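If you read the sequences in order, they're chains P and F. So for the first sequence, the working numbering puts the first residue at 9; every next one is plus one. So for the second sequence, the working numbering puts the first residue at 74; every next one is plus one.
To give an idea of the chain P side of the interface with chain F (calculated C-beta under 8 Å), a few residues:
1) Ser-61
2) Val-64
3) Leu-129
4) Glu-130
5) Thr-139
6) Ala-148
7) Thr-151
8) Ser-156
9) Leu-158
10) Gly-162
11) Gly-184
I should point out that these hints are in silico values taken from the structure, not numbers from a laboratory. Given the structure is predicted, the values throughout are model-derived calculations rather than measurements. Heads up, the beta-carbon is just placed ideally off N, CA and C, and yes, glycines get one too.
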Amino acid sequence: MSAPKREQYAVVVIGAGPAGLAATASAAGAGLSTLLLDENAGPGGQVWRAISSTPVTREAVLGADYWSGAELATAARDSGAEIIHRATVWSLDRNLELGVSVGGGSAFIKAKRVIIATGALERPFPIPGWTLPGVMTAGAAQTMLKSSGLVPDGRTIIAGQGPLLWLLAAQILRLGGRIDRVLDTTPRANYMAALPHAFAFMTSPYVMKGLAMMREVRAKVPVVKGVTELAAAGDGKLASVSYVAGSKRETLPADLLLLHQGVVPNVNLAMAAGVEHRWNESQLCWTPVLDADGNSSVPGIAIAGDGAGIGGAQAAIWRGRIAARAAIAALAPAAVAKLDPIAALRTGLARAERGRAFLDVLFQPAPQFRIPKGDTIVCRCEEITAQDVLDSVAIGATGPNQLKAYRRTGMGPCQGRLCGLTVTELMAEARGKSPQEIGYYRLRAPVKPIMLSELAALPKSDEATKAVVRG
Amino acid sequence: MFKRAEGDTRRSVTIHVEGRAIEAREGDSVSAALLASGLDARRATAVSGAKRLPYCMMGVCFDCLVTIDGVGNRQGCLVPVVDGMQIEIQKGKREIGK
Numbered sequence: 009m010s011a012p013k014r015e016q017y018a019v020v021v022i023g024a025g026p027a028g029l030a031a032t033a034s035a036a037g038a039g040l041s042t043l044l045l046d047e048n049a050g051p052g053g054q055v056w057r058a059i060s061s062t063p064v065t066r067e068a069v070l071g072a073d074y075w076s077g078a079e080l081a082t083a084a085r086d087s088g089a090e091i092i093h094r095a096t097v098w099s100l101d102r103n104l105e106l107g108v109s110v111g112g113g114s115a116f117i118k119a120k121r122v123i124i125a126t127g128a129l130e131r132p133f134p135i136p137g138w139t140l141p142g143v144m145t146a147g148a149a150q151t152m153l154k155s156s157g158l159v160p161d162g163r164t165i166i167a168g169q170g171p172l173l174w175l176l177a178a179q180i181l182r183l184g185g186r187i188d189r190v191l192d193t194t195p196r197a198n199y200m201a202a203l204p205h206a207f208a209f210m211t212s213p214y215v216m217k218g219l220a221m222m223r224e225v226r227a228k229v230p231v232v233k234g235v236t237e238l239a240a241a242g243d244g245k246l247a248s249v250s251y252v253a254g255s256k257r258e259t260l261p262a263d264l265l266l267l268h269q270g271v272v273p274n275v276n277l278a279m280a281a282g283v284e285h286r287w288n289e290s291q292l293c294w295t296p297v298l299d300a301d302g303n304s305s306v307p308g309i310a311i312a313g314d315g316a317g318i319g320g321a322q323a324a325i326w327r328g329r330i331a332a333r334a335a336i337a338a339l340a341p342a343a344v345a346k347l348d349p350i351a352a353l354r355t356g357l358a359r360a361e362r363g364r365a366f367l368d369v370l371f372q373p374a375p376q377f378r379i380p381k382g383d384t385i386v387c388r389c390e391e392i393t394a395q396d397v398l399d400s401v402a403i404g405a406t407g408p409n410q411l412k413a414y415r416r417t418g419m420g421p422c423q424g425r426l427c428g429l430t431v432t433e434l435m436a437e438a439r440g441k442s443p444q445e446i447g448y449y450r451l452r453a454p455v456k457p458i459m460l461s462e463l464a465a466l467p468k469s470d471e472a473t474k475a476v477v478r479g
Numbered sequence: 074m075f076k077r078a079e080g081d082t083r084r085s086v087t088i089h090v091e092g093r094a095i096e097a098r099e100g101d102s103v104s105a106a107l108l109a110s111g112l113d114a115r116r117a118t119a120v121s122g123a124k125r126l127p128y129c130m131m132g133v134c135f136d137c138l139v140t141i142d143g144v145g146n147r148q149g150c151l152v153p154v155v156d157g158m159q160i161e162i163q164k165g166k167r168e169i170g171k
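Construct the entire structure; sequences and hints are all you get.
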């Protein structure tokens, strides 16, 4: 863990998941000076987390898709790129200058091209009691499973929908963990709505894997389908989970509730850099406006992987390669001849994206799990409820940025990552507008909190010093 | 809430949580080590003092904030354990000088 060796690089890649590793291996492999910055302790991102250090070494537990990441991690490591882990990129601007914090000190570096591969995070799941200790995301449990071999051993309920939920359940069971119940919130109407996309899905690689995983879990754990209400309760920590499915209402004692309703792009860095995003009606989140090579509205900044719109790990690899190829074409045109033809990359991406439309429709979360009511907390940092937001709308708050002045939503340390989508949809519904019209928080650097002393210690030019000197 | 699966052969690391020595494994994040320890690791929020535990474990929710070696507001889920590390559960806002 040390600061970047140079002040300028041809390509800076941010994030060492599938897209970032693929982009790094391609760019550095073509001879471009390449820097890969990643916030985690090792390569892999979320999907291949701890790929080079996991204590869960029995291959069948994490599955072949997980272990396939080792090859790309090795390729990036051996590509000649400079790779820095535990590096937090807290600033990126239109001049392609990056602020990066490593080991408690910050530096500014310049890039000719930047590839943002900051991936996805789990969609907020704002139900009553979701801030109680003992309520976590499914992804959190999977992170602990992959990086530390930790599995649930108290009374555990998994609730929500989507492929990750079933994968996590299967992995926990394979590793000897405990799951008491799976509560499936997939809206029944989604099955019909997804039907037109079923053919592409049935012929995609996802279908057999998905069905096998669901069978594996159902054989060991009771699964309740058609869950339409969900709440966690307890005093200072989780004690019970209540749900409604059809005419049945039940309360289960619980120590751990794992929530998941899909993933959405992690937009903070790209938005702060000024990249234009639009509301995506099928994925119900903000996705950047990109050309076929992943280039954004800011010249020199490309976005690859799930940050470009949710497509999964395989699509992320192709998008990473495509973005790197565009960077190579711009900076070292002579090296392009040695690369895979662009048509082959696009074919690979199309194959990887096959079946995605079906998953998008089938696993579109129900409105009541996206747009909470009453005293359910929306903004976890500032502890602001749905009713607080509606009250602010009633006295004149027009959108997320006005709401900051009323209630400080999105101004806590998470900077809207856990409330932004909820606030946009909640305000859109309350005001009878579309999410696109309502908009999102105006995000600014630093996109993650850093110490003031770190900012103050940055080297200053004479010009910058004179600008604040009196007289 | 969580237990360690069998077959974990990673080296043992000792960290100190409010003076109490707990065993973790090399490669654990501070948050994972706290959750595996069985100790009451609930922090208190800066706004209302409500009890919280880590929610996302991937660096986005900030519910894992903890004081590590005298420095407050660290994201415990992003910091790997190191032998001898001193952890304090953060109650409320970060204190001046910490």
